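If you read the sequences in order, they're chains A and B.
Per the numbering used here, the first sequence starts with residue 1, numbered consecutively.
Per the numbering used here, the second sequence starts with residue 1001, numbered consecutively.
Just so you know, the hints here were simulated from the structure itself, not pulled from any lab data.
Predicted model only: the values in this text are computed from it and were never measured.
All C-beta atoms, glycine included, are put in the ideal place defined by N, C-alpha and C.
You may find that some hints are simply not true.
Unchecked claim - Pairs of lysine-lysine residues, derived as DSS-like cross-links and limited to a Cα-Cα distance of at most 30 angstroms, are as follows:
id	chain 1	residue 1	chain 2	residue 2
1	B	Lys1069	A	Lys95
2	A	Lys3	B	Lys1214
3	A	Lys2	B	Lys1214
4	A	Lys142	A	Lys95
5	B	Lys1182	A	Lys81
6	B	Lys1214	A	Lys148
7	B	Lys1022	A	Lys56
8	B	Lys1022	A	Lys3
9	A	Lys90	A	Lys142
10	B	Lys1159	B	Lys1182
11	A	Lys142	B	Lys1214
12	A	Lys117	B	Lys1214
13	A	Lys117	A	Lys142
14	A	Lys39	B	Lys1114
15	B	Lys1069	A	Lys2
16	A	Lys117	B	Lys1114
17	A	Lys2	A	Lys81
18	A	Lys56	A	Lys3
19	B	Lys1159	A	Lys39
What the hints assert, rightly or not - If the Cβ cut is set under 10 angstroms, some of the chain B residues that face chain A in the computed set are:
id	residue
20	Leu1002
21	Asp1006
22	Gln1009
23	Val1029
24	Leu1031
25	Met1041
26	Arg1042
27	Ser1127
28	Arg1202
29	Asn1212
30	Lys1214
31	Ala1257
32	Phe1258
33	Ser1265
What the hints assert, rightly or not - If you want the footprint, here are the derived chain A segments under chain B, 3+ residues with CB under 8 angstroms:
id	region
34	12-23
35	32-44
36	75-88
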Amino acid sequence: MKKIIALNVNEIPYELAVEPNRSLADVLRYDLGLTGTKKGCGIGDCGVCTVLMGGKPVFSCLVLAVEAQDHDILTIEGVAKGPELHPIQKAFVEKGAIQCGFCTPGMVLNALALLNKNADPTEHDIRLALSGSLCRCTGYQKIVEAVKTAADMMKRSGIIEEEAE
Amino acid sequence: MLPQFDIIQPRSLDEACEALTKYQSAGVVVLAGGTDLLVDMRKPLIPEHLPRCKGCDPRTGTAPRKVNKPPSYLIALSRIPEMSGIAVSEPGEISIGAMTTITDLCQSRIIREKLTALAQGADNLGSPLVRNRGTIGGNICNARPAADTFIPAVALGAKLELRSQRGLRLIPAQDFAVGPGKTVREEDEILTKIIFPVSADRTGSSCIKLANRKALEIAVVSAASLLTLDIKGKISSARIALGAVAPTPILTPKAAAFLSGKDPSDANFLKAGEIAVSECHPISDHRGSLDYRREMVSVLVSRSLAAAFASIIV
Ligand SMILES: Cc1cc2nc3c(=O)[nH]c(=O)nc-3n(C[C@H](O)[C@H](O)[C@H](O)COP(=O)(O)OP(=O)(O)OC[C@H]3O[C@@H](n4cnc5c(N)ncnc54)[C@H](O)[C@@H]3O)c2cc1C
Ligand code: FES
Ligand code: FES
């Protein structure tokens, strides 16, 4: 039987009727049309379905939509401010950290969760934060460099202090 | 796609126990973080698993996850506030709610200080995405022989509190699992908390996982040790638990008994490692061969003992 749930996605409140067996990934993609959230393995191994739930990265393929009720969800569509890309996204473009792009939404969101709590991550911190996300194209090095660059950009522009408040 | 089911999201433990009893005949399971359960319920995308080496045993969790008859009801524990959190319940006791996430264990200062082996086990579980959703209760109830928080819970002498409408009981962690994925938990029981004794001074612990990769990998072998010294600096007691070398997490009582009354020296730790080898029953699978696992038991036991000793603050 369908359940009515309230979801806050990218700061927009939604009220949705969903079957209990539907994943958050499916509801985001097929009910809300937010197809930036990708689906890969469906079993927690690849990280392409990452969204932030209450600020923490989670795999939306293994979260039931009914269990996401009352949580704030941030998807990749909510990361840029209008046409202005987020510094992490800019850094990914600049550093060539995107090839096919399939892993990129998950990588960016995992990086965002990291930088929100750690403005000055070491390479180890970055690799650890991204360790649940697979990339078949880049070899990871450029992604790690992009996150480092983004951290520097964010520190310079004061974004990190702002968000930490 | 997941099979059809209905979900119940109780707000209290009483309600949850009631629902779990009520829907028994219809088919019901408990949902914690879902990182094991939802994977198991999902139809496998790749229907057949071809073992990469001979001897890959289908009973050890390296085989395809079989889809059991899907339950009609899931009871989600996520809305029961009393089920998560870390508390010093009584002097000398730390109680961890079954719904406490692995990330919460990693970030807790008191756990890192007092139950070091558990913090280290949690550090090594899956990936940040898994740790943010997965719970200690789910990890233990799922009862895989390599479960990363279960092994330290056995070494640290934890007790599991199981609750149902029929009442409450406490089970020592080492008696909980009876086979891969099988436990003494009755169908109507909920694991509510895991209670750890916090030993007096001169106690240290450590957990080491050997895996083929640093993230998203199940242990080839894991070893957790708890070591207590007497005032003269000799070992007064030791407990050693092993993962992935038997159908369940196991203790190695002979190796522990050997250490009792001895000096905490590298030579004695090495000897204890050798004794532990005689107490485990590993198999060969694609993660490692039987012989390799036996070698690694000896190495990991002695290293975890040395690390437990090094963590003792005197
Ligand atoms: C990609 C990936 C990587 C992983 N890597 C590791 C790893 O490295 N090491 C490791 O040990 N595990 C690993 N796991 C397994 C899993 O994440 C852990 O076992 C986790 O702790 C399970 O917790 P959960 O809350 O998600 O449990 P769930 O999936 O919700 O539940 C697991 C089982 O326990 C039962 N259950 C849960 N809570 C209770 C309770 N309170 N009372 C009674 N029954 C209960 C459920 O009914 C179910 O049968 C991995 C999983 C994934 C998807
Ligand atoms: S699709 Fe969710 S982790 Fe792969
Ligand atoms: S860019 Fe193709 S998977 Fe990462």
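* Decide if the proposed pair is consistent with the structure: Lys1159 (chain B) and Lys39 (chain A), CA atoms, cutoff 30 angstroms inclusive. => Since the Cα atoms of Lys1159 (chain B) and Lys39 (chain A) sit roughly 39 angstroms apart, the hinted pair is violated (cutoff 30 angstroms).
(request) Take the C-alpha atoms of Lys117 (chain A) and Lys142 (chain A), compute the straight-line distance between them, and say whether it is at most 30 angstroms. (result) Status holds; Cα separation ~22 angstroms.
Interface hint for Lys1214 (chain B), Cβ within 10 angstroms of any Cβ on chain A
Nearest chain A Cβ about 7 angstroms off; hint holds.
- Sort out whether Lys1114 (chain B) lies within 30 angstroms of Lys39 (chain A), counting only the CA atoms. Given that 30 angstroms is the threshold and the Cα spacing comes to 40 angstroms, the pair is violated.
Return the status of the interface hint for Leu1002 (chain B): holds when the least beta-carbon distance to chain A is below 10 angstroms, violated otherwise. The hint holds - Leu1002 (chain B) has a Cβ within 10 angstroms of chain A, the shortest such distance being about 4 angstroms.
Against the 30 angstroms threshold, does the CA-CA distance of Lys117 (chain A) and Lys1214 (chain B) hold or violate the hint? 23 angstroms, holds
Are the Cα atoms of Lys142 (chain A) and Lys95 (chain A) separated by 30 angstroms or less? 6 angstroms, holds
Has the given pair, Lys1022 (chain B) with Lys3 (chain A), been kept, meaning a C-alpha gap of at most 30 angstroms?
Distance ~21 angstroms between Lys1022 (chain B) and Lys3 (chain A) Cα, so the pair holds.
Is the hint on Asp1006 (chain B) kept, meaning its closest Cβ partner in chain A is under 10 angstroms away? Cβ of Asp1006 (chain B) sits 6 angstroms from chain A, so the hint holds.
Can the region 32-44 of chain A be counted as covered by chain B under the rule of three residues or more with Cβ-Cβ separation shorter than 8 angstroms?
-> holds (count 4)
- Task: For the pair we were handed, Lys56 (chain A) and Lys3 (chain A), check the Cα-Cα distance against 30 angstroms.
- Result: 25 angstroms, holds
Restraint status (C-alpha distance of Lys1069 (chain B) to Lys2 (chain A) at most 30 angstroms): Between Lys1069 (chain B) and Lys2 (chain A) the Cα gap is close to 22 angstroms, so the pair holds against 30 angstroms.
Hints 1, 2, 3, 5, 7, 14, 17, 19, 23, 28, 29, 31, 32, 33, 36, counting from the list given before, are not met by this structure.
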